[in-house]
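So the sequences go chain by chain: Z and W. Numbering follows our numbering, in which position 141 of the first sequence is assigned residue number 141; successive positions increment by one, without gaps. Numbering follows our numbering, in which position 255 of the second sequence is assigned residue number 502; successive positions increment by one, without gaps.
Calculated from the structure, these hints are not laboratory results. A couple of the hints might just be wrong.
As the list claims (entries may be wrong) - Label-pair ranges, simulated between beta-carbon atoms: (1) Z:Glu-224 <-> W:Met-579: 55 to 65 Å; (2) Z:Ser-64 <-> W:Arg-424: 32 to 42 Å; (3) W:Ala-563 <-> Z:Gly-180: 32 to 42 Å; (4) Z:Asn-74 <-> W:Phe-508: 49 to 59 Å.
What the hints assert, rightly or not - Using 27 Å as the maximum straight-line C-alpha spacing, the simulated DSSO-like pairs for lysine-lysine come out as follows: (5) Z:Lys-188 <-> Z:Lys-139; (6) W:Lys-432 <-> Z:Lys-114; (7) Z:Lys-33 <-> Z:Lys-139; (8) Z:Lys-114 <-> Z:Lys-139; (9) W:Lys-432 <-> Z:Lys-139.
Unchecked claim - The following residues of chain W were derived to be distant from chain Z, with all beta-carbon distances above 12 Å: (10) Ile-331; (11) Trp-390; (12) Gln-568; (13) Val-587.
Using N, Cα and C, we set each Cβ at its ideal position, and we do this for glycine too.
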Amino acid sequence: MPSTQPMIEARGVQKWYPNGFHALRGVDLSVSKGEVVVIMGPSGSGKSTFIRTFNALEEFQEGSISVDGIALSNDLRNIDAIRCDTGMVFQQFNLFPHLTVLENLSLAPVVVRKRRRSEVEAQAMALLERVGIAEQARKYPGQLSGGQQQRVAIARSLCMEPRILLFDEPTSALDPEMVGEVLEVMRKLAADGMTMVVVTHEMGFAREVAHRVVLMSEGQIVEEAPPETFFTNPQHERSRQFLAQIL
Amino acid sequence: MTSIQPGPESGSTPPLRPARPAPKSVQPSWAGALRQELFASRTDGLVSVLLIMVILAAAVGLLRWALGQAQWAVIQANTTLFAIGRYPIQQQWRLWLLVVLVAALSGVSWGLLRAFPRADRSGEIWPFNDRLAVALLGFLAAWLPAALALGLPLQLRWWVITALLVATRWLAGHWGRSWPPRLVKLVPMSWPLLYLFGMVLIAGGLGLPRVPPSEWGGLLLTLLMASFAILLSFPIGVVVALGRRSSLPLLRWASVLYIEFIRGAPLITLLFLGQNILGYMLPGGWAPDRVWRAAWVLTFFCGAYLAEAVRAGLSAVPPGQLEAARSLGLSMPQALQRVVLPQALRIALPGAVGQFISLLQDTTLLSLIGLLDLLGTARTVMANPEFLGKNAEVYLTLAVLFWCCCAALGLGSRALERRLDPTHSPA
Ligand SMILES: Nc1ncnc2c1ncn2[C@@H]1O[C@H](COP(=O)(O)OP(=O)(O)OP(=O)(O)O)[C@@H](O)[C@H]1O
Ligand SMILES: [Mg+2]
């Protein structure tokens with residue numbers, strides 16, 4: 001069960017893209033340690049934009065975000081510290097195609113944390129074991145299936161020993177038969193107490209794993225509820241429309 | 248892959264067929280393959296026969312001339328001139344030493360490449376191409392010095408050098424894996440060191456008497472100019488390409504200005520311009536004489552074109568790569584160095600090598616500003632009354648020499664591309 005210690009605190013976050021588009025219109029969210037929050041919402045509602053502000057892949061203009069007690073500001077040292085503590089898994093995997101699976105995992109710990117390669121590789125092998133693809137360690141990402149690639153991407157984030165994992169539609173680019181293996185890994189992570197913010201439309205996952213489901217629409221959070229209430233008894237008209245569409 | 252496997256819920260699951268190795272593709276015989284390629288239909292056959300006849304006629308004519316009428320004495324009498332220009336005789340041992348070092352290091356590097364195949368491939372130590380290359384080297388070593396009518400001592404030297412290359416190739420290939428890792432890591436780094444040391448050997452310094460650039464010539468000068476420009480243009484190209492995509496306006500404008508200035512003028516103009524103004528632009532001692540001025544012009548010229556190739560490579564790397572690297576905590580320089588540039592340069596490689604090949608050929612323009620590169624040397628030889636009218640022999644030799652150098656560049660880059668290609672199927 002999540003504790004009450006906040007890992008992510010977002011207050012009144014406003015974001016305009018350089019072309020003037022108002023993508024986030026005052027978003028508040030707090031995520032406790034060990035909590036799994038699923039963000040849903042129609043396409044273009046700002047889900048990706050929002051979770052990408054957590055590790056400063058997107059800037060925001062107003063409001064405040066703090067991650068694990070560190071305030072996101074223009075101070076580059078803060079940003080680097082937060083990125084080391086926050087793993088991110090992308091829809092398109094974004095594995096480094098010129099490195100083997102093992103090198104993908106060990107790059108950041110060796111380069112950023114200056115750890116010994118041999119020690120990191122041992123840890124990386126253990127992680128690959130955990131996501132079930134240890135035997136692919138010496139292959140290149142292009143030689144793996146989509147599901148395997150996404151599991152490597154998860155293991156790559158874990159190799160930095162993050163305290164928070166962010167997922168941006170991790171299964172949307174996968175063939176249906178590979179979705180299960182990735183969700184299984186995410187389920188195990190949640191069970192181990194990892195703090196996770198997951199943008200996904202996987203209802204089953206949200207129902208079983210999420211502690212809280214958040215619905216975004218037009219750059220705002222319109223509903224925030226435990227999955228039981230969210231799926232059976234949504235309070236807002238927007239949520240009902242959205243659920244009607246995806247069910 | 249069209250087979251559909253029934254899901255677990257369907258009642259009677261037929262047993263899955265066990266995996267088996269891929270069938271050997273049927274290799275048609277040489278003759279069969281040729282017939283299919285050349286005589287697939289009647290018109291194909293007709294065109295093939297005509298073309299073969301034309302090619303044969305030309306080849307026979309050329310061979311008859313080359314073996315019968317041509318008088319190769321013009322080449323045989325001037326081998327040294329073609330190779331190194333007027334490099335002083337007492338100092339030539341320095342060039343021999345350089346050739347020996349290059350041969351040894353090439354052999355070691357080549358062998359190590361085979362001893363350490365890519366992580367995902369099982370490599371042979373002596374693949375077919377390598378055996379072919381060694382056979383070709385052996386043939387050249389046996390035939391070329393004799394054909395050039397070199398004296399026996401010189402012939403011997405070339406045999407020894409070729410043997411050294413093959414021996415180091417053999418040693419590194421078979422024993423490289425048991426060498427200490429430190430030593431193996433040293434090998435790629437020793438190339439730039441060897442280049443610097445080679446410069447010292449050629450030009451003098453560190454106790455060696457100076458040989459002024461005006462005495463360098465022939466193939467030596469051509470290769471020196473080309474390699475200098477290629478090596479130095481590489482960092483220039485990368486920096487300018489990054490500058491062109493930078494968010495700092497001044498850097499961006501400076502990069503664009505540089506690229507457009509260089510690309511807007513023909514090389515020969517720049518070479519003449521460089522002879523006249525480079526002395527004012529570079530700090531004293533950087534462009535002391537005509538040869539170095541030309542070298543810098545070639546470098547900046549190549550750098551501008553290379554920047555465009557690298558820029559194409561950079562924009563071909565998906566933005567998600569940088570985002571993933573940054574989200575893992577890598578700083579911008581780390582992300583560029585470890586993630587973005589390796590991919591961008593790999594993509595830019597074919598374009599860059601095309602650029603290098605044309606640069607190698609462009610060195611012939613140096614003869615127009617009075618330097619004795621290969622073409623300049625050739626022109627002095629042909630102007631010699633003793634060899635009047637031997638233009639065909641000289642130009643053919645030049646063409647073959649350039650062709651060999653460019654082929655080597657092309658082959659090397661293709662091999663590099665294959666080694667770096669992350670999706671290439673196991674070799
Ligand atoms: N670089 C950009 N410049 C301008 N507008 C942008 C940019 N990136 C995104 N947007 C706009 O911001 C809005 C939110 O985009 P975002 O990618 O966060 O949506 P999303 O909820 O993740 O959608 P999806 O489910 O399709 O991934 C969209 O309307 C999009 O068009
Ligand atoms: Mg999105």
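Hint check results:
1. Z:Glu-224 <-> W:Met-579: 55 to 65 Å: violated, 36 Å
2. Z:Ser-64 <-> W:Arg-424: 32 to 42 Å: Violated, at about 56 Å.
3. W:Ala-563 <-> Z:Gly-180: 32 to 42 Å: holds, 33 Å
4. Z:Asn-74 <-> W:Phe-508: 49 to 59 Å: Since Asn-74 of chain Z and Phe-508 of chain W have Cβ atoms about 37 Å apart, the given range 49 to 59 Å is violated.
5. Z:Lys-188 <-> Z:Lys-139: OK: Lys-188 of chain Z and Lys-139 of chain Z at ~25 Å, within 27 Å.
6. W:Lys-432 <-> Z:Lys-114: holds, 20 Å
7. Z:Lys-33 <-> Z:Lys-139: Outside the cut-off at roughly 35 Å; violated.
8. Z:Lys-114 <-> Z:Lys-139: holds, 24 Å
9. W:Lys-432 <-> Z:Lys-139: holds, 23 Å
10. Ile-331: holds, 41 Å
11. Trp-390: It holds; Trp-390 of chain W is separated from chain Z by about 42 Å at its closest Cβ, greater than 12 Å.
12. Gln-568: violated, 6 Å
13. Val-587: Violated, because the least Cβ-Cβ distance between Val-587 of chain W and chain Z comes to about 10 Å, which does not exceed 12 Å.
Of the numbered hints given earlier, the model fails hints 1, 2, 4, 7, 12 and 13; all others are met.
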